[in-house]
Amino acid sequence: MPASFTLEELASWNERIFAVAREVGLEPYPQEFEVCDHEQMLAYMVYSGMPSHYPHWSYGKSFEKLKTLYDYGVTGLPYEMVINSNPSIAYLMRDNSLLLQVLTIAHVYGHSDFFKNNFTFKSTRAEYTVETFKAHANRVRMYIEDPSIGLEKVERILDAAHALSLQCRRNLAIRKQTQEEELERRLEESKPSADPFRAIHRRKEYVAPDLNRVPLYPEEDLLLFIRDHNQHFSDWEKDLLTIVHEEAQYFIPQMETKIMNEGWASFWHKRILDTLELPQGMQIEFMVRHNQVLSPARGAINPYHLGIKVWEDIEHRWDHPTPDDEREFGPRTKTGREKIFEVREVERDASFLRRYLTEELIRELNLFEYQSRGGDQVVSRVADDDNWRAIKETLIRNVGTGTVPVIKVENADYNNNRVLFLQHHHDGRDLHLEYAEKTLQYLHHLWGRDVVMGTEINGKKSLLSFSEGKLSIKPLH
Amino acid sequence: MDTIFRSYDPASAQRSDRSAGDRLRHREKVHEAIRHNIADIIAEESIIGKDRDRVIKVPIRGVKEYRFVYGENVPGVGQGGPGTQPGQVIGKGEADGDAQQAGDRPGIDYYETDVSLEELIDMMFEDLELPNLERKHLRQIEVEQLFRRKGYRKKGIRIRLDKRRTAISRVKRKKAVQRADAFALRPQRFPFHNDDLIYRHTVTEIRRESNAVVVCIMDTSGSMDTMKRYLARSFFFLLYRFVCTKYQNVEIVFVAHHTEATEVSEDEFFHKGESGGTFISSGYRKALEIIDRRYHPSLWNVYVFHCSDGDNFESDNPAALQAAKELAEVANLFGYGEIKPLGSGYYGSSMIQFFSQLEAENFQTVQIQRKEDIWPSFKGFLSRERAREDAA
Chain B
1 MPASFTLEEL ASWNERIFAV AREVGLEPYP QEFEVCDHEQ MLAYMVYSGM
51 PSHYPHWSYG KSFEKLKTLY DYGVTGLPYE MVINSNPSIA YLMRDNSLLL
101 QVLTIAHVYG HSDFFKNNFT FKSTRAEYTV ETFKAHANRV RMYIEDPSIG
151 LEKVERILDA AHALSLQCRR NLAIRKQTQE EELERRLEES KPSADPFRAI
201 HRRKEYVAPD LNRVPLYPEE DLLLFIRDHN QHFSDWEKDL LTIVHEEAQY
251 FIPQMETKIM NEGWASFWHK RILDTLELPQ GMQIEFMVRH NQVLSPARGA
301 INPYHLGIKV WEDIEHRWDH PTPDDEREFG PRTKTGREKI FEVREVERDA
351 SFLRRYLTEE LIRELNLFEY QSRGGDQVVS RVADDDNWRA IKETLIRNVG
401 TGTVPVIKVE NADYNNNRVL FLQHHHDGRD LHLEYAEKTL QYLHHLWGRD
451 VVMGTEINGK KSLLSFSEGK LSIKPLH
Chain U
1001 MDTIFRSYDP ASAQRSDRSA GDRLRHREKV HEAIRHNIAD IIAEESIIGK
1051 DRDRVIKVPI RGVKEYRFVY GENVPGVGQG GPGTQPGQVI GKGEADGDAQ
1101 QAGDRPGIDY YETDVSLEEL IDMMFEDLEL PNLERKHLRQ IEVEQLFRRK
1151 GYRKKGIRIR LDKRRTAISR VKRKKAVQRA DAFALRPQRF PFHNDDLIYR
1201 HTVTEIRRES NAVVVCIMDT SGSMDTMKRY LARSFFFLLY RFVCTKYQNV
1251 EIVFVAHHTE ATEVSEDEFF HKGESGGTFI SSGYRKALEI IDRRYHPSLW
1301 NVYVFHCSDG DNFESDNPAA LQAAKELAEV ANLFGYGEIK PLGSGYYGSS
1351 MIQFFSQLEA ENFQTVQIQR KEDIWPSFKG FLSRERARED AA
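Sequences listed follow chains B and U, in order. Note that my numbering numbers the first sequence so that position 329 is 329, with each residue one more than the last. Add 1000 to a position in the second sequence, counting from 1, and you land on the number used in my numbering.
To be clear, the hints were calculated from the coordinates, so they are not data collected in a lab. Cβ atoms here follow ideal geometry from the backbone N, Cα and C, with glycine treated the same way. It is possible that part of the hints are untrue.
[As the list claims (entries may be wrong)] Cross-link-like lysine-lysine pairs, in silico, DSS-like; alpha carbons within 25 Å at most:
| # | chain 1 | residue 1 | chain 2 | residue 2 |
| --- | --- | --- | --- | --- |
| 1 | U | K1064 | B | K153 |
| 2 | U | K1155 | B | K470 |
| 3 | B | K153 | B | K116 |
| 4 | U | K1154 | B | K65 |
| 5 | U | K1029 | B | K65 |
| 6 | B | K470 | U | K1029 |
[As the list claims (entries may be wrong)] Covered stretches of chain U (in silico footprint by chain B; criterion: 3 or more residues with CB under 8 Å from a CB of chain B, positions within the stretch not fixed):
| # | region |
| --- | --- |
| 7 | 1228-1242 |
| 8 | 1301-1315 |
[Claimed, not checked] If you want the ones that stay clear, here's a sample from chain U, every Cβ over 10 Å from chain B, calculated:
| # | residue |
| --- | --- |
| 9 | R1006 |
| 10 | V1063 |
| 11 | A1176 |
| 12 | T1259 |
| 13 | E1263 |
| 14 | F1270 |
| 15 | H1296 |
Generate coordinates for the entire structure from the input sequences, incorporating the hints supplied.
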């Protein structure tokens, strides 16, 4: 099918779109667009849009799955794919109509602006993204081709590392402390605090801190911890763990801001296209497409829809505050426009929803909470006076890295036997035990010794231990 | 403004099937997973006795990607219409992943892949590390099969003339003549000579045809109920398929017995039930008779397998033992499978103990209690054949 547009047309539309984007205040990275066909688009989706990526069978699996869904018409393909890099790279599907390309270009500038300005992305080093992924790919290929290593061994490490890659620090804006800083902090903490009533209190005794403990503080970066503390690892094994860890860290900000980011891009593509004064045919198609993308997902959350609603609501409330708003937030000092630009810089999904998803919006969107009951998913709460807060809390827990259990290494020498002891920070949600077992098995493979994890199962504190090839569960009393 | 547009390049699109390697590796993993789960798949009733070209949906459990994730006691949030009420069912179990945000739930990462029965069986037997059933020389029938090329000759029949080589050899001769006679530059005809002609040579190859017969003997007396027959049938099915992978020409004979034995059709074999008691010897005698008449061991590899629930008339035992001995002599492999489903309530007599008196190295007894036993029993059965080969 011949493309329904020429590159010149795209370039001229782009010029107009870019001008509007700048005018409204967006600050995107320099942009590269690549026109691709649908097979290429599938592949880009599978490899997170990266022009080059290391090989692993799981990407083959996602490709097959996506392609099957696509071939059977279960899902369409996204109109756009854009990666957080400087310059930013985005893909346009050649089979799409001119209007879709125009919409996509506007949408892409929204994302790119978000990548460039939101605080969570500050740690991602966008100018090196493409080179970093390429270097990773080259190294992994090199290990696979090395006759002394080979595919099987590389795959075993990658499989295990992938299973643990999200067990890492989530707020990357906080700098990770070095070993020395942690040591210092430990020593500082052990000093008795200054007591203004020293005269009447007995003096607290100094307790020497245990500085031999590894780790000094519970450690969330599992892959890095194993890399640094498994002495049997060779360099290539350490390198693989580093690669997987670095790539996970690159994607964490995207997980953390999915709703904000998609909402932001949708908010701006709508504004930009509204100012472009499209010819009538395109205008009608735009309305159809826009509504398709932003239609609420039945029984689930469509991040595009939820996101744009919250953004529009913020802008509206700052431009036209009600007396209630004034009472709650004080008199307005910013316009709606100023406010949303500030929010896009300083929030992530969890805080964004906590601060700006109002009761009215929860009701308007008919959000509800559901639970699994006997194999069915059943609505457990609807947005009424008693329940809207609970729904909001549940939603906040289910966005971004909130869906990844917090697990920290507490002790690398448990029972003085180099057993790895981890603690799952239970927050009311139990682990999926089948998944926990297999993941502990991977952890066991990487650590090379037994692994024990504290968690809670059905309200009982329990210890999962993986040794001798199997999981055992012991309730703690 | 720094925007760059890169146009679509069909050539690079064709070249850049970047996921090909990963897809291939994934497919290998899927096959591995099937092989790993084969005992479970065999235990599923559906594959037994079905059409060979049938496509089977095999659930894959081996290629899940595991992480620490939350279990089922985790509520989620969705968006509904104005009429959404508490208690309303909005979906089945874990949502299928695409309705959810990617990666927030394990979902059902269990999907099915299509495998034909044929493929599945090949995989099963690959897994078995098959005994390489080398047939005895006598048991092969030699058949002139094909003509294979073997070099070139100067003589031959017209149809095998290799025109290209013939032309080349003429050119060579021409060059040689010209060099020898450098001054004779007159243009002249340079016809083909008999020596130029080159023929392809072929030899006749002899292929060793191998024949095998599988004799299935089953007790169809009243005590063999549907479950027992199902288990027996599964075992026969595997045995037959297995023998098929090893021999060119496989025949199958069904002998049903209670107090008397008859040769029956496949359908009757599996579906007809008789009432009354059991003389195992009758089945063995019948099998011996058929083998002697139609499948003489000098020309056929004989596999005999007998399924029964072990209930035999006491008085028949010596005769059965004698017949079993004779069968073991003519067969490559002779097996007795005793089928006692768990919970079948009674533990009657067992022929397995009785047959322990039979000291033939190609005789094997197996006991099957559940569907899950079929594959291990089958492996055990064949291991006897393998041990015998290793010894040889």
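So, going through the hints one by one against the coordinates:
1. Restraint check for K1064(U) and K153(B): the C-alpha separation of about 19 Å stays at or below 25 Å, so the hint holds.
2. A hinted pair counts as satisfied when its Cα atoms are at most 25 Å apart, and K1155(U) with K470(B) does not qualify at roughly 73 Å.
3. Restraint check for K153(B) and K116(B): the C-alpha separation of about 38 Å exceeds 25 Å, so the hint is violated.
4. Using a Cα cut-off of 25 Å, the hinted pair K1154(U) and K65(B) is violated, with the two alpha carbons roughly 60 Å apart.
5. Distance hint between K1029(U) and K65(B) is fulfilled; the C-alpha atoms sit about 15 Å from each other, no more than 25 Å.
6. Simply put, K470(B) and K1029(U) have alpha-carbon atoms about 22 Å apart, close enough for the 25 Å limit, and the pair holds.
7. For the region 1228-1242 of chain U, the assignment as covered by chain B is violated, since 0 residues bring a beta-carbon within under 8 Å of that chain's beta-carbons and 3 are needed.
8. Check on the region 1301-1315 of chain U: 0 of its residues sit with their Cβ under 8 Å from a Cβ of chain B, so the three-residue criterion for coverage is violated.
9. A beta-carbon of chain B comes within 10 Å of the beta-carbon of R1006(U); the shortest separation is about 4 Å.
10. With a closest Cβ-Cβ approach of about 6 Å to chain B, V1063(U) is found to fall inside the 10 Å limit, against its non-interface label.
11. Distance to chain B confirms A1176(U) as a non-interface residue, since its nearest Cβ pair spans about 51 Å, more than 10 Å.
12. For T1259(U), the requirement that its beta carbon stay farther than 10 Å from each beta carbon of chain B is met, with the minimum near 51 Å.
13. For E1263(U), the non-interface assignment is confirmed: its Cβ lies about 49 Å from the closest Cβ of chain B, beyond the 10 Å cut-off.
14. The beta carbon of F1270(U) sits about 36 Å from the closest Cβ of chain B, which is more than 10 Å, so the claim that it is off the interface holds.
15. Distance check for H1296(U) against chain B: the nearest CB is about 50 Å away, which clears 10 Å, and the non-interface claim stands.
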